[in-house]
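Visitor: Going line by line, the protein sequences match chains A and B.
Sequential numbering from 1 applies to the first sequence in my numbering.
Sequential numbering from 1 applies to the second sequence in my numbering.
A couple of the hints might just be wrong.
Identical chains share a label here; the pair holds if one copy fits it or two copies do between them.
Stated by the list, open to error - With a straight-line cut-off of 20 Å between C-alpha atoms, the simulated EDC-like cross-links for lysine to aspartate or glutamate are: (1) K211 with D373; (2) K393 with E147; (3) K164 with D37; (4) K164 with E263; (5) K164 with D435; (6) K239 with E263; (7) K267 with E161; (8) K211 with E312; (9) K267 with D101; (10) K334 with E185; (11) K211 with D437; (12) K239 with E50; (13) K211 with D101; (14) K239 with E55; (15) K393 with E309.
Everything labelled a hint here was simulated from the structure, so no lab data went into it.
All values reported here derive from a predicted model rather than from experimental measurement.
Protein chains: 2
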Amino acid sequence: MTAHARVVLLASFLLPATVFAQAIPDDIQEQAIALRDGAMQNSIAYDVVESLTMEVGPRSAGSAGDAAAIRWAVEKLQSLGFRNVHTDEVSVPHWDRGTLDVRITAPYPQSLVATSLGGSPGTPAEGIEAEVVRVESLAELRALSREQLEGRIAFVDHVMERFKTGAGYGVATRIRSCGHVVAAELGALATVIRSAGTSTHRVAHTGSMLKNNVPGTIPAVALANADADILTYAIQSGKPVTVRLHSSARDLPRALSANVVGEVPGKGELANEIVILGAHLDSWDLGTGAIDDGTGVAIVIAAAKMILESGESPRRTIRVVLFANEEFGLSGAKQYALDHANSIDQHVVGLEADFGPGAVWKFSSQVAEDALDIVAELHQLLEPIGIERGDNKSSGGADLGPLRRTGMPILGLSADGTEYFDYHHTADDTLDKVDRDDLNQNVAAYVTAAYVAANIERNFGRLTPNASEQTCAAEFD
Amino acid sequence: MTAHARVVLLASFLLPATVFAQAIPDDIQEQAIALRDGAMQNSIAYDVVESLTMEVGPRSAGSAGDAAAIRWAVEKLQSLGFRNVHTDEVSVPHWDRGTLDVRITAPYPQSLVATSLGGSPGTPAEGIEAEVVRVESLAELRALSREQLEGRIAFVDHVMERFKTGAGYGVATRIRSCGHVVAAELGALATVIRSAGTSTHRVAHTGSMLKNNVPGTIPAVALANADADILTYAIQSGKPVTVRLHSSARDLPRALSANVVGEVPGKGELANEIVILGAHLDSWDLGTGAIDDGTGVAIVIAAAKMILESGESPRRTIRVVLFANEEFGLSGAKQYALDHANSIDQHVVGLEADFGPGAVWKFSSQVAEDALDIVAELHQLLEPIGIERGDNKSSGGADLGPLRRTGMPILGLSADGTEYFDYHHTADDTLDKVDRDDLNQNVAAYVTAAYVAANIERNFGRLTPNASEQTCAAEFD
């Protein structure tokens, strides 16, 4: 028993039961602390992310890597002793980035490091060459007249800010998602954006565009930060600047992928209730998907595996779900909600790991008001590993969105995102960016929360169902 | 006058002349200090490297960028008011890297980030696919038998170490220069090396191979560090590992380039003596040549420009030489020595800037023994800007090699190389890696040394001429 556990137990002895309505009983606290502290000495998570990135690598939806990842995941979950290991088919879009060449042709010829945004169409075979119009925000882009943009290339040059919370990504990703839609409406031939990332290296950031689903969607590419600097310098020279793009990106026929599921079965009357641990198996194609979301896969597998090998079944079933195609439309998350429409209420709470391997620094939630005392006690178990208490507005993560919107509560463990966007969605997303200690601290946090959620008598209530539909209309900017 | 200058002058008043044989007179010290301190508030150097990288960018020998760089340099030196601005023709090799695709085909298919080494031939159109044999050093490669390597691909997996002095580059670059020669002698089909750099980003390091000048030179490529990790992991799995390479790299006909020269003319009886400030105008083709050697070009131009605009002619002529094709055979340096064979002795001392924009931390030299008192006094002027005294074995830099070997003394200002090999010879060599203050500290050091060298009565003597011929024989490892 750790010193901390002794203090907690001691406190419970000293207080009369009437004023101490303990949400998490001592024995569960004690076991949660043992798991938490054991996680710091564990190698499962690193082994998992190493195996996935080295033996599978890139695994974008519908690709050969995607199929290899599904085989890998089934085999990995089985070999680790998970139960009920299976795949649930998911139809996914299949897009291929082909080749891309972007260069300034005037006034200073220079080749630019760029990457196509996910879903971008290619250019005609002869390419697109046109004058560039530069703006710094989506609002500035919307404010252009058709006369200013028609027949030209829009360059949205927003510099993403670095935050521990990753807050800079919201604005940047909105430009990535919708820049091409706004520009196309004003007659632009193509859109070029500065990468939605903080890297100072010559790797450009990909990520999905919202498809506007009308014929004539224009090609959209992101420049590495240094290359956006080069283009900006040329434009600020005052001379007309032209850029030429050649891209063979294209949509392929939809493909079959799968959510991969493995369980630590519950025992007893609560066994049909589910604590879901989610991460996504797919990755973008540029890196090997180490931090997005190899580490998430590793964290949830390692946390569940620790409970599995503790030898004692949890009361509720812990279900690890490795979602298909998070990156390019949340196909797996949506399919999961459809597949389990009749058992949504059995999903009593969800945790998702999809923000890289930075140490968890904040524990938020979105639970019923009358369950906040459980969250507060759970936070006491997390505080010793450097985790502060957040609010009760956690969104949980993209893959849990469909379940959350039907009422499933969320426990949210926020990883430190200071460096996340240096690597995320770029070729730099590789294993060497993963710190073992920070990764294990994540496992410690997840195993603590999952163990408690799976074993306490009470649950986290239900949320009020809500809908969400994002479009590229200005009102959503 | 600065406080430091006052102390120096005061010291000279207090000491009797007989025990104080001052090599650098007070007035020269005072003016050197004024230039040194003025450099820290100057923007010339940054403006120059910005202009070169943004308006010209990549400029490998024989390329269109090389020609553009020569035009840029002539115009820049003229517009800054340099005298005797001219070009001296240099014949250069012209190599084109074409396209490259490297992938592991078994046991785990993965695409690898790689770049062809400078001078590598391409592969046959159908590519080269073979089993990989991994070693960690050139010695291990030499120790393989023909049976072990014949028909296979050699992988030399040496991890370059990081040092302030850049000392790790020696071993790494020896592998880059000669790995393919040793491997070809043992019947290998191609050579793959881990990048001779310290970057943890997905950018591979290029650089020249020594051409062994026999038919059948084999293709040689470098992997980014993360990709060398992926290949090593596959090999350490114990299963046979095959790699496939496709490269369209090729030699083109030799091309004309030029050394670009500009002067600050001397005045008086020493005017025909030359203090040479050298840097190289060419760069590798992957980045925009900011730190290699845009900053060197900027430092020597800015230092000379400060003396030019001081309004008073130096006693000796300060000659800025922007050498052609340092990277791929030192063509410009060799040609310069040939062109000036009859006036070598007029080159009284040389300074070269070719180690990036890190702050200068050490002042070394290679001068005649009886000139070491000048060096010691010069060091006193450099110490206040954080520069320690080195030895008298400075090599100066690659471009000054031919002049040094004929006897020209060297003043060596060592930039901090801790981060240099994170960017050097990769796509990451871009302007954003240049720190303005560190760059100006370099200018301060160079202008101090150049001003003193151009104006003192004495010179630095001559060195004993020597020859240098490096081959890929084991004795030179």
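Visitor: Going through the numbered hints above, which ones does this structure break? Give me the numbers in ascending order.
Guide: 1, 2, 3, 4, 6, 7, 8, 9, 10, 11, 13, 15
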